[in-house]
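Using our numbering, you'd call the opening residue of the sequence shown number 38 and step up by one each time.
One should not assume that every hint holds.
Stated by the list, open to error - Simulated pairs of lysine-lysine, DSSO-like, Cα-Cα distance not exceeding 30 Å:
1. K185 with K219
2. K258 with K167
3. K219 with K177
4. K242 with K252
5. K259 with K167
6. K252 with K191
7. K185 with K205
8. K225 with K191
9. K177 with K193
10. K185 with K229
11. K167 with K242
12. K205 with K160
13. K165 with K252
14. K229 with K258
15. K185 with K160
16. K193 with K167
What the hints contain is simulated information worked out from the structure, not anything from laboratory work. The structure presented is a predicted model; accordingly, all values stated were derived computationally and were not measured.
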Amino acid sequence: MGSYNSQYESYYSKMNNKRRVNNPSSSSSFNVNIIPTFNKHFIIRRITVDLVGVLVLIIMVIFCKLIVTPQTTAVYNYSKVLVTENYNYKMVLAEVKNINFQTEQEQAINWIETMRTKIIGGKTWENKIKEDFILPIEGKLINGYGEKDDPVAKGKKIMNYGVDINAKIGTNVVASYGGLIKDIGETKQLGKYVLIDNGSGIETKYGYLSVVNVKKGDNVKKAQVIGKSGSTGIPAVPSLHYEILYMGENLNPAEYTSFKK
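Could you put together the complete structure from these sequences and hints?
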């Protein structure tokens, strides 16, 4: 999962407050915010600070070279050891380049989620999607998650952040799970779409719609009709575009549910 979306921090705060209410005997010092965030920019800043420190040491070495006393000689020898032996920044930079920050972030988020379920109970977000969510429409999967052919610019590829399900125009599209209608809109690529906040940091998006039957702010139930499939946007054939997001990051829906092929 790409960078952590701060709009979901309130979700973890609510979960922590719920834990304290449900289990008052637990330690009040527990705070999910102590979990470290893997931030590439922070590491780069840290390295920059260290490099400034090395520069200061080099200046001290030059000063001690120019003014020779027993004290400056001792400082010179010690500083030379620090610069030449203790700071191998080529190795550090190589390690930073090899870090997969998305993987590290995903592992941290999954760890937090696992701890949350152990403390307050319930399902992890993955199990919730796999066990409780339903398909928004029945149909054959015609485009999977990832790159796909651009129907407009022939010979080019575009990123598909969800899946495309074949469906006749006017087929009912239902909510995969209950939640709040977070957004309704229309774009050149998605056509008419609906975005539902399903809770627990999970969202679902439905695109290429010909008709939208809900409005922003509505609360919908699982399996409730939210619109009808169509060909708005850039689908090659009439279909439904379907996305699953967690913490603002797109997931591959095929990893959590089964589609016709």
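A quick look at each hint next to the structure:
1. K185 with K219: holds (27 Å)
2. K258 with K167: With Cα atoms ~18 Å apart, K258 and K167 stay inside 30 Å; holds.
3. K219 with K177: holds (27 Å)
4. K242 with K252: Measuring from Cα to Cα gives roughly 14 Å; hence the hint holds.
5. K259 with K167: This hinted pair holds, its Cα atoms lying about 14 Å apart.
6. K252 with K191: violated (35 Å)
7. K185 with K205: holds (21 Å)
8. K225 with K191: Measuring from Cα to Cα gives roughly 17 Å; hence the hint holds.
9. K177 with K193: holds (24 Å)
10. K185 with K229: Holds, at about 20 Å.
11. K167 with K242: Distance ~17 Å between K167 and K242 Cα, so the pair holds.
12. K205 with K160: Cα-Cα ~35 Å, so violated.
13. K165 with K252: With a Cα-Cα distance of about 25 Å, the restraint between K165 and K252 holds, given a limit of 30 Å.
14. K229 with K258: holds (20 Å)
15. K185 with K160: Violated - the C-alpha atoms of K160 and K185 are around 33 Å apart, more than 30 Å.
16. K193 with K167: violated (33 Å)
Of the numbered hints given earlier, the model fails hints 6, 12, 15, 16; all others are met.
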